[in-house]
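Hey, can you piece these two chains together into the complex? The hints should help.
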Amino acid sequence: MSFNPLEQRGIPLDRQVRNWRELNVAPLDPDHCDPYTRCRVIAMNGIEVEAILFSHQFARHCTDPDVRQMLARVRYIESQQQKAVNWLLPGVSSVLETTIAYEQVAVDLTAWVARAEPDPYLKQAYQFGLLEDFDHLYRYANLYELIEHRKAESIVDGLTEVMPGRPTPLHHRAPVDNLREPYDRSRTDPLSKLHALTIMAAEQQTMNFYMNVGPTYMEPIARQLYQEIGMIEEEHVTHYESLVDQGETWWEQLVNHEYNECYLYHSFMEQESDPKVKALWELHLNMELEHLHQACELMRRNDGREPAEILAPALPNVLTFEPNKNYVRQVIEEQLDLTTLGTGYVREAHERFEAMQAALNDGGPAPSDQVMTEHQEAFGRDYRMQEGEHPVPALREDWNHWNR
Amino acid sequence: MSPATPLGAPDPEKDVVALLIQQHGEIRNLFDEVEKTKGDDRRDAFHRLVRMLAVHETAEEQIVHPVARKAAEGGEQVVADRLEEERKAKEALSRLESMDVEDSAFLPALVELRMDVMKHARAEERYEFTHLRRMNDPKKLANMAKALKAAEAAAPTHPHPGTETAARNAVAGPFASIMDRVRDAVRDARGKSR
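Protein sequence lines correspond, in order, to chains R and B.
Heads up, the first sequence is in this note's numbering, so the first residue is 573 and it goes up one at a time.
Heads up, the second sequence is in this note's numbering, so the first residue is 9 and it goes up one at a time.
So that you can see chain B by itself, here it is in the shape it has in the complex (with noise of 0.2 Å):
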């Protein structure tokens, strides 16, 4: 017989692809438990949502768009795709964010947004992370896995801002705040390592 295909789904602590396929399905999770939840439970579930976009939002751009780019022909225009795709995610998730989660409007907006963001999701994992697998690099997407793991802990955890960011934080929503404070986070670790 020949030698079998190595057993097991790559594990996601070593491997970007499957981390950010697994953030999906928790950010699908959180969906979830907006929708069914009411009051200070949806607030709250609606922060962890918010917060966990940021973060993944931000490693990605940070962290897997760069390599996304340079993995193969067309890797440019695969990576302006999905940036087009965020684009439109945000602008949805800014209009909840003005919104109370017992506004009327808000599960409706709220649905809208979860349909862009699988969208988003499915659209990166069948056209931008098929390109990462293929530089069959286990090493490099170790590290991505590493690195996506120390921005997401650098994130602050609730989306309240602190008093240096207030004024920005304003203007911009909790949301653009948390990915100013991954960005950061990203480019101190890189500093650091170098």
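Excised from the complex, chain R in its bound form (with noise of 0.2 Å):
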């Protein structure tokens, strides 16, 4: 279905204030929802949380009261829609539960992305971030079953897979190694720059609730995880920011990010299985379709550019969320070893890299090595849940790496 949100008007700005019993959404069943309804609604949690950010750096750096006055307008509607979308999360989940969800989005829409990237570069870029985000669902997962004695399939529900990835920590980078070379704004497919601003938001998301929930917990080893794993969300949102072009201007960038909206709340309107969720999800459309018009208004208006020069001539194809089991697995077997260098990969541990290495470990081991180590011991095994062998025979029975 093609579908072309420039040529679409949606509600008008004026009619988009909800009032309270509309933003009072009923909370999702967290053992019987759909896992990625649930995921669903965290990664558009994360895009709505980058556009009120986006929007408020950007009236900071804007002399002009009128433009002010437009990013307020849409910004203040952008934040009922975060509230009515990230209250679609059940307050009986415990924190650790959302977690574990936290990383089976960014595993499974990292995997998808990655699949779906045409560019090489970007796409290397995605696989190997998928790898650690893999590792830290696997970390926590066994946080999980320490704590709560549950098991993560509870959650993940068998559709994503539950072993070690890049170990997670292997995943402390001398920080400038965490920068990758921009794609290129005027040559680029439009469609990597949806891939890249959506995949940045997600990981910004997940580096500020790990910020934030880490000292609620009373558990010494539960607070020391989410301050590692909180670190190496940092990494990651260097990593994912540093490949959107920084010569974008920034009337471009805000119909960027309009028009990601759209493409994902078409994207999952279309794949939505909760009939009220699904209702949310249209209805957000079509406040985005207006959002997107007033953003091509202000760039036609200040960057004298047609906003059609820098977007594709329909939506992509809908991004979705879907099992990747296969995909992980193939990734795990020819990336794993993976790390950075400059904006390039290699394989050996090099200078910079076992520095950053000696200082942070040199007081003990990782937390997240730690609780491996406590699971262990409590449960004579560690947590997994796996179909089929791992696809590296070194960590098939064990999962301290440092025995490779």
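If you are wondering where the hints come from, they were derived from the structure by calculation, not from laboratory data.
Source: prediction; values computed, not measured.
Do not rely on the hints blindly, as some may be mistaken.
Here are the simulated distance ranges between beta carbons [claimed, not checked]:
| # | chain 1 | residue 1 | chain 2 | residue 2 | range |
| --- | --- | --- | --- | --- | --- |
| 1 | R | Met783 | B | Pro116 | 38 to 44 Å |
| 2 | R | Pro762 | B | Lys96 | 51 to 57 Å |
| 3 | B | Glu81 | R | Asn780 | 32 to 38 Å |
| 4 | R | Arg687 | B | Glu120 | 37 to 43 Å |
| 5 | B | Glu81 | R | Gln799 | 30 to 36 Å |
| 6 | B | Glu81 | R | Lys655 | 29 to 35 Å |
| 7 | R | Gln799 | B | Ala117 | 39 to 45 Å |
| 8 | R | Asn591 | B | Lys22 | 48 to 54 Å |
| 9 | R | Tyr648 | B | Ser102 | 44 to 50 Å |
Every residue, glycine too, gets a C-beta built ideally from N, C-alpha and C.
Okay, structure coming up:
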């Protein structure tokens, strides 16, 4: 189905404000909802949070009072959208359960984007990050069983495997090695812009989530694990944001943001299994069409360019939450040992990487390894949920990657 | 470098809060099992769930709530809120106990109970257990864990009543009868230790 958001009009901006009753959405049932409905909620919350933060930054760099007024009007609506979306998450879920759902988002969203990405350099960047989020899922799943005595399969529901990826302690790189080369805004496929914005927003939300909920834990091992993985999310935001061409004008970035929101609400509406949530995606799509229209007007007026020049002629294929088990296994098999050097990738532990590792590990093992040791002591095994043996022989029996 | 925070999650054998959180997980696992099984398997899983709930709730009532009441200002009200949640869950449970597991109304009622129990468990973890942790008294938490284990061991393994409680059980259901037995066991254990 071809859908061109540039040719559609949505709900007029002055009719988009919702009252408290309309914002008071009924939360999902954590034990009976489609796990991918929860994934869509978490992903879309990240997109809305990015929309809000981007608009604030824009306003702080904008001297035109008319533009600041327009940004404020749209931003208020986006804040309501963020509330309506994120408040679908149920209060009965523990923080760790929501965390495991965040990692399921990171795995299946990044895997899908990596598969769909036309540019090989960008594809490599997603594959690289994928193996790290995949290992975070495994480490948090072990913490979950240790503390709550539940298995993460009750959350991910067999849609995503839980087993070792690239070992978490090895994700800590020298900060400069987290920067990538950006795509070229004038030559890249418009789809690549949407991918980069989406994954950047999702990882940014994960970073914000961990940095704020981590200290609400009482258990020392939980506090430490959130701290460690929170630092890796900082690396991931650096990694993904650097893919976006820094030469894009503010107006161009605003249009890309609004267009991406249309793309994702449209995608999620097409695949949603929960009728109430589907209705919300549809409503928000109709709001976003108008936000996009306003952004396009600002770009025409201030940049003197047609938004159609930087956008795709129609929405790309629906971005889909679906199992990526075979794909993830293949990437593990081929790329587990990679690290970054400058803006490229290498297999050897180079000097800058070793120095960073030494600085972090000289007081004892990383929390992500401690949690595995604790789990092994308590249960005599690690927790994993895999279909068939692990693609890397050394990680089949033993979690301990240092024995490889 | 400053000394590291002690490693590791608290041991459920030596820490009543860890033990209770573990049981919350086990209760949810049992709900999963009841939902996924059919016929006699479901009947069996449901009996184990009823027993687990009865033992867990009684032990909390006898061992945890009294300490939480005194652990902090407002403790009395925190416990009162939990008792109200428990009352609601017990009502839902007694409706289920009067039903056969094959009854078409059973699963919807079970899902409703599950949500009540989960809300209660999460509220305990957030608003009650934090007070126990703040007492900063590992010995006390260890003793409470021991008492909870003892109460659990004393509970009948099957919800079927002995002859002495048959009459009462017929009125109140197996859940109530297990609660009575656990209460007695906790009192006995306390009597002996004095």
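Each hint tested on the structure:
1. R/Met783 with B/Pro116: 38 to 44 Å: With a Cβ separation near 40 Å, methionine 783 of chain R and proline 116 of chain B satisfy 38 to 44 Å, so the hint holds.
2. R/Pro762 with B/Lys96: 51 to 57 Å: 54 Å, holds
3. B/Glu81 with R/Asn780: 32 to 38 Å: Check passed, 33 Å falls within 32 to 38 Å.
4. R/Arg687 with B/Glu120: 37 to 43 Å: 41 Å, holds
5. B/Glu81 with R/Gln799: 30 to 36 Å: Once the Cβ atoms are compared, 31 Å apart, the range 30 to 36 Å for glutamine 799 of chain R and glutamate 81 of chain B holds.
6. B/Glu81 with R/Lys655: 29 to 35 Å: Holds, at about 33 Å.
7. R/Gln799 with B/Ala117: 39 to 45 Å: This hint holds: roughly 43 Å between Cβ atoms.
8. R/Asn591 with B/Lys22: 48 to 54 Å: Since asparagine 591 of chain R and lysine 22 of chain B have Cβ atoms about 52 Å apart, the given range 48 to 54 Å holds.
9. R/Tyr648 with B/Ser102: 44 to 50 Å: 49 Å, holds
The structure shown violates none of the earlier numbered hints.
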